[in-house]
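Visitor: Using the sequences and the hints given, assemble the complete structure.
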Amino acid sequence: MGADPVLEALAAACPAARAARPEDAVAGVMPRFAASPATVAEASELLRAAAAHDLAVVPRGGGSKLAWGAPPRRCDLVVDTRAMDQVLEHAAGDLVVRAQAGASLAQLGEVLAGAGQQLALDPPPVPRAVAGTRGGSGAGASAGSEAPSGANGAAPQWRGATVGGTLATGAAGPRRLRYGTPRDLLIGITVVRADGTVAHSGGKVVKNVAGYDLGKLFTGSFGTLGLIVEAVFRLHPRPASAAYVTVDCDGPGEAYYAVAAAAGSELAPSAIELDRPARDQPFRVAVLLEGDPDGTAERTGLMGTLLGKGAATQPAAPGWWGWPANGQPRHGQPGNGQPGGGQPGSSQLSDSRPSDSQPGDGRSGAGQPGGAADAGQAGTLIRIGFWAAGLPRILRAVDAAALAAGLDPAVGGSAAAGVIYAAVGPGADPAAVAAFVSGLREALARGDGDARPASAPVPDGPPVLASAVVVHAPPRARDLMDLWGPVPSLSLMRAVKDQFDPGHRMAPGRFAGGI
Amino acid sequence: MIKQLIPRMTEICGPDGVITDPAELRTYETDGLTSHRVTPALVVLPRTAEEVAAVVAECAAAKVPFVARGSGTGLSGGALPHAEGVLIVTSKMRRIIAVDPASQRAVVEPGCTNLSVSEAARPFGYFYAPDPSSQVVCSVGGNVAENSGGAHCLKHGFTVHHITGLEIVTPSGELTWLGDGTGAAPGYDLLGAFTGSEGTLGIVTKVVVKLTKIPQLVKCLLAAFETTGAGGNAVSAIIGAGIVPAAIEMMDALAIEAAEAAVSCRYPEGAGAVLIVELDGPQGDVERECAAVRALCEQAGATEIREADDPAERAAIWVGRRSAFAAVGRIAPAYIVQDGVVPRTALGAVLDRIAELSAESGIRVANVFHAGDGNLHPLVLYDDSVPGAAETAETVSGAILDLCITHGGSITGEHGVGVDKSQYLPKMFDADDLDTMQLLRCAFDPASLCNPGKIFPTPRLCGEVPGARRAPHPLVASGQADQF
Numbered sequence: 004m005g006a007d008p009v010l011e012a013l014a015a016a017c018p019a020a021r022a023a024r025p026e027d028a029v030a031g032v033m034p035r036f037a038a039s040p041a042t043v044a045e046a047s048e049l050l051r052a053a054a055a056h057d058l059a060v061v062p063r064g065g066g067s068k069l070a071w072g073a074p075p076r077r078c079d080l081v082v083d084t085r086a087m088d089q090v091l092e093h094a095a096g097d098l099v100v101r102a103q104a105g106a107s108l109a110q111l112g113e114v115l116a117g118a119g120q121q122l123a124l125d126p127p128p129v130p131r132a133v134a135g136t137r138g139g140s141g142a143g144a145s146a147g148s149e150a151p152s153g154a155n156g157a158a159p160q161w162r163g164a165t166v167g168g169t170l171a172t173g174a175a176g177p178r179r180l181r182y183g184t185p186r187d188l189l190i191g192i193t194v195v196r197a198d199g200t201v202a203h204s205g206g207k208v209v210k211n212v213a214g215y216d217l218g219k220l221f222t223g224s225f226g227t228l229g230l231i232v233e234a235v236f237r238l239h240p241r242p243a244s245a246a247y248v249t250v251d252c253d254g255p256g257e258a259y260y261a262v263a264a265a266a267g268s269e270l271a272p273s274a275i276e277l278d279r280p281a282r283d284q285p286f287r288v289a290v291l292l293e294g295d296p297d298g299t300a301e302r303t304g305l306m307g308t309l310l311g312k313g314a315a316t317q318p319a320a321p322g323w324w325g326w327p328a329n330g331q332p333r334h335g336q337p338g339n340g341q342p343g344g345g346q347p348g349s350s351q352l353s354d355s356r357p358s359d360s361q362p363g364d365g366r367s368g369a370g371q372p373g374g375a376a377d378a379g380q381a382g383t384l385i386r387i388g389f390w391a392a393g394l395p396r397i398l399r400a401v402d403a404a405a406l407a408a409g410l411d412p413a414v415g416g417s418a419a420a421g422v423i424y425a426a427v428g429p430g431a432d433p434a435a436v437a438a439f440v441s442g443l444r445e446a447l448a449r450g451d452g453d454a455r456p457a458s459a460p461v462p463d464g465p466p467v468l469a470s471a472v473v474v475h476a477p478p479r480a481r482d483l484m485d486l487w488g489p490v491p492s493l494s495l496m497r498a499v500k501d502q503f504d505p506g507h508r509m510a511p512g513r514f515a516g517g518i
Numbered sequence: 040m041i042k043q044l045i046p047r048m049t050e051i052c053g054p055d056g057v058i059t060d061p062a063e064l065r066t067y068e069t070d071g072l073t074s075h076r077v078t079p080a081l082v083v084l085p086r087t088a089e090e091v092a093a094v095v096a097e098c099a100a101a102k103v104p105f106v107a108r109g110s111g112t113g114l115s116g117g118a119l120p121h122a123e124g125v126l127i128v129t130s131k132m133r134r135i136i137a138v139d140p141a142s143q144r145a146v147v148e149p150g151c152t153n154l155s156v157s158e159a160a161r162p163f164g165y166f167y168a169p170d171p172s173s174q175v176v177c178s179v180g181g182n183v184a185e186n187s188g189g190a191h192c193l194k195h196g197f198t199v200h201h202i203t204g205l206e207i208v209t210p211s212g213e214l215t216w217l218g219d220g221t222g223a224a225p226g227y228d229l230l231g232a233f234t235g236s237e238g239t240l241g242i243v244t245k246v247v248v249k250l251t252k253i254p255q256l257v258k259c260l261l262a263a264f265e266t267t268g269a270g271g272n273a274v275s276a277i278i279g280a281g282i283v284p285a286a287i288e289m290m291d292a293l294a295i296e297a298a299e300a301a302v303s304c305r306y307p308e309g310a311g312a313v314l315i316v317e318l319d320g321p322q323g324d325v326e327r328e329c330a331a332v333r334a335l336c337e338q339a340g341a342t343e344i345r346e347a348d349d350p351a352e353r354a355a356i357w358v359g360r361r362s363a364f365a366a367v368g369r370i371a372p373a374y375i376v377q378d379g380v381v382p383r384t385a386l387g388a389v390l391d392r393i394a395e396l397s398a399e400s401g402i403r404v405a406n407v408f409h410a411g412d413g414n415l416h417p418l419v420l421y422d423d424s425v426p427g428a429a430e431t432a433e434t435v436s437g438a439i440l441d442l443c444i445t446h447g448g449s450i451t452g453e454h455g456v457g458v459d460k461s462q463y464l465p466k467m468f469d470a471d472d473l474d475t476m477q478l479l480r481c482a483f484d485p486a487s488l489c490n491p492g493k494i495f496p497t498p499r500l501c502g503e504v505p506g507a508r509r510a511p512h513p514l515v516a517s518g519q520a521d522q523f
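Taken in order, these protein sequences are the chains called A and B. Here the first sequence stands for residues 4 to 518, numbered as in the numbering used here. Here the second sequence stands for residues 40 to 523, numbered as in the numbering used here.
A hint or two may mislead.
[Said to hold, decoys possible] From the structure, some residues in chain B lie toward chain A, with a derived Cβ separation under 10 Å: (1) K102; (2) V103; (3) G320; (4) D324; (5) W357; (6) V358; (7) V456.
Just so you know, the hints here were simulated from the structure itself, not pulled from any lab data. Being a predicted model, the structure only gives us computed values, none of them experimental. Where a beta carbon is used, it is the ideal one built from N, C-alpha and C, also for glycine.
Guide: This is the structure in structure tokens:
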């Protein structure tokens with residue numbers, strides 16, 4: 004076989020360039036080449052070479068969220084960041100860390116835990132020790148009142164999720180309520196543009212308004228503006244203890260009452276999560292309180308009183324805590340998301356998930372490119388953003404759209420932060436999934452999910468106060484939908500894309516509006 | 040040229056909304072950075088978002104530059120007018136459109152003062168967290184432009200963390216929303232990129248802000264130390280103990296002297312430094328943290344500690360700090376307010392070097408700073424009646440910025456680059472960095488009409504292909520960073 008001149012050019016820029024293998028596929032699209040630059044300089048030369056040969060480039064990290072977003076329209080070269088895996092600088096006294104994009108969250112978490120600090124993100128895949136979709140609550144409970152994200156220095160289970168991938172997807176978990184999302188914690192970024200230019204913005208200090216904040220632009224951009232190679236984050240002290248107050252609620256109104264009571268309290272909850280495995284089941288609300296042991300105990304007691312009878316306190320997260328991972332029911336409840344709902348016998352679907360069937364050591368995804376991504380395609384996960392007071396209306400809109408489509412999705416998420424998810428199992432009819440999503444979007448466009456209480460109307464605010472984004476879906480359902488739905492200011496976004504990537508070679512088609 | 044716009048502008052904004060009288064125009068010649076003055080060709084005061092859009096569309100069609108201005112309190116000249124341009128003042132747009140405590144949101148117009156948002160939210164038990172020291176007068180629109188912080192941003196974050204939707208007029212005159220108020224809108228985070236862009240990407244016409252629950256308890260602690268070094272050790276100990284106060288402020292002896300002269304704040308006599316630590320949150324936590332902070336300050340050699348938990352007592356502690364910038368006017372005829380950032384752990388070394396710079400130049404420097412996040416506000420004092428003193432002060436002020444850059448910090452923590460520091464920006468960012476930032480500018484404002492001449496020293500024109508530049512990054516060249 005004669006040497007491929009394009010591959011030779013790539014290998015000249017980055018020795019770890021090679022012909023693609025099946026596991027390099029991105030959302031089912033097979034690239035021609037894959038490369039793992041070891042340094043920023045190599046990444047720059049690699050993208051320069053890719054530009055010279057007009058290659059479409061798709062960045063990837065650990066692959067835990069590679070199935071998110073639309074499949075790339077073109078994919079010639081997959082750039083794997085995992086050879087750039089160094090935690091470069093942990094300035095503990097400044098509560099700042101600088102890491103390469105390919106560093107795993109698990110590895111980063113270990114380094115920071117050593118100094119009693121944390122990057123306060125708990126994105127999916129949720130640490131198994133915390134989320135434990137099966138038997139997790141039992142295992143977690145025995146661990147006592149440990150802090151979330153894997154206490155006592157234990158690495159949480161992120162299935163290989165990297166710093167770069169977390170930024171590119173903007174993924175956040177329950178504690179977004181207190182700490183925000185990746186964009187709120189990122190203080191500096193280094194990127195490689197489509198033409199190979201290396202650019203920085205921000206810096207190593209938390210307080211800094213010099214120049215445009217490109218970190219905001221790149222966070223959540225799904226690789227469409229360039230390759231993220233380095234990031235600087237602000238850190239938080241690791242709370243010494245954590246506890247959860249849970250309560251069951253009958254119907255959307257009661258669930259909203261519990262969520263609003265917790266959110267409106269002076270008890271500084273770190274997260275307020277909602278979960279309903281199926282339509283005929285009660286809602287469950289759980290509130291995470293963190294702090295020093297005395298403070299946590301004190302506020303946990305007060306929160307229990309606030310949430311009223313039936314509230315229970317537990318030292319570890321309930322089994323359903325976190326995301327409805329991979330579109331699966333979060334607690335192994337059979338039958339969710341199936342047409343007609345509630346049929347037993349479909350639980351083997353969740354049992355058969357290959358990369359989710361063992362706890363692993365936090366790095367299991369790293370050695371299995373593609374494996375974790377496949378797991379991500381298991382079901383459909385829809386992220387719904389809304390004004391927090393709209394929760395009951397949102398829940399009713401979800402139920403109405405799901406009923407009309409003949410589905411019974413698991414529903415839950417960070418209700419107080421205005422983000423919940425609807426998870427439909429992988430066996431659902433793709434057409435029904437698409438009908439559900441479009442029905443839900445129509446309802447949101449009508450304002451069905453808006454928070455417009457009579458006492459505080461928003462007559463002059465944003466035109467639509469909610470959105471529904473398909474985070475991931477099985478290929479057959481994905482092909483029937485616009486994953487992103489309507490996006491405000493899309494023309495400005497296109498203009499930004501045109502400036503950063505005039506050839507539309509960076510992850511083309513992955514993002515909103517076909518960007 | 041501009042004259043031809045007047046009839047149409049009058050039609051849009053009404054006769055009261057257009058200023059053409061030269062004397063009146065001159066009242067807009069400067070913002071909070073009074074060392075720069077430019078009289079605008081025309082001032083308009085639109086009443087609605089639609090009027091702003093119409094004004095900008097006229098400017099775009101006529102290729103006339105325009106600059107937005109809120110309350111004019113900015114300290115970097117970000118709202119400095121353009122001599123051949125239109126100054127668009129948002130002071131007539133002051134509606135609090137909605138307060139929605141259940142969603143922890145409010146929708147306000149850009150001319151609203153920062154404090155008025157908190158006042159509107161207070162009956163519901165909420166406040167608007169960013170609190171720049173000018174909060175009584177500064178506008179929310181200006182806060183968005185500058186990504187304003189404030190003393191309490193150590194815990195609560197900056198403007199960008201408290202904004203979830205912006206209605207803007209693009210530089211071509213179109214009204215559009217960035218974000219939908221949820222904080223989870225799909226697409227690029229243009230909202231985040233716009234915040235802090237110093238008015239160069241468009242004009243804000245409505246703002247959705249996040250409201251924050253008023254904390255159960257706020258405690259304020261004043262600790263006096265013999266030296267700033269000892270105060271700095273206390274700060275390190277507090278952070279090291281895992282405590283995140285709402286604010287940690289420090290003032291040195293000269294700043295204390297000035298504050299005493301101005302407002303008789305009665306800080307401990309003879310103190311070389313005072314530290315103000317404010318803690319907020321649930322009652323039990325705050326009380327325990329306060330006790331811990333007190334103990335840490337004592338261990339670090341505090342000579343006196345005062346504690347306050349009611350609003351009046353807290354205000355008495357803060358009055359000296361809040362008055363500090365203006366107060367130095369009592370001890371010097373003129374001064375420069377500097378705004379630089381260093382990693383907090385470098386504060387000691389940087390303060391020592393500032394003292395040396397002061398000694399070498401004979402220029403006094405009073406230090407007031409947000410010690411928790413390393414944001415320095417050195418006040419460089421001089422006598423403007425002495426020939427050459429202003430230049431020497433400027434040199435010292437610039438040397439302090441160089442010091443910040445050398446320590447891996449920033450040339451501005453909250454005042455912005457504006458016209459004041461655009462020449463320093465290339466010391467922090469290399470040509471490729473600046474070119475990349477320009478891409479964002481070109482996407483929003485290809486004609487470069489929106490607040491031109493701010494932030495970037497010599498912006499390349501949109502569409503221009505940058506020449507080959509292969510010089511090392513300035514931070515790499517100076518040997519203090521590999522990449523960042």
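Visitor: Work down the list of hints and note, for each, if the structure agrees.
Guide: Here is what the structure says about each hint:
{"no.": "1", "hint": "K102", "result": "violated, 19 Å"}
{"no.": "2", "hint": "V103", "result": "violated, 22 Å"}
{"no.": "3", "hint": "G320", "result": "holds, 6 Å"}
{"no.": "4", "hint": "D324", "result": "holds, 4 Å"}
{"no.": "5", "hint": "W357", "result": "violated, 19 Å"}
{"no.": "6", "hint": "V358", "result": "violated, 24 Å"}
{"no.": "7", "hint": "V456", "result": "holds, 6 Å"}
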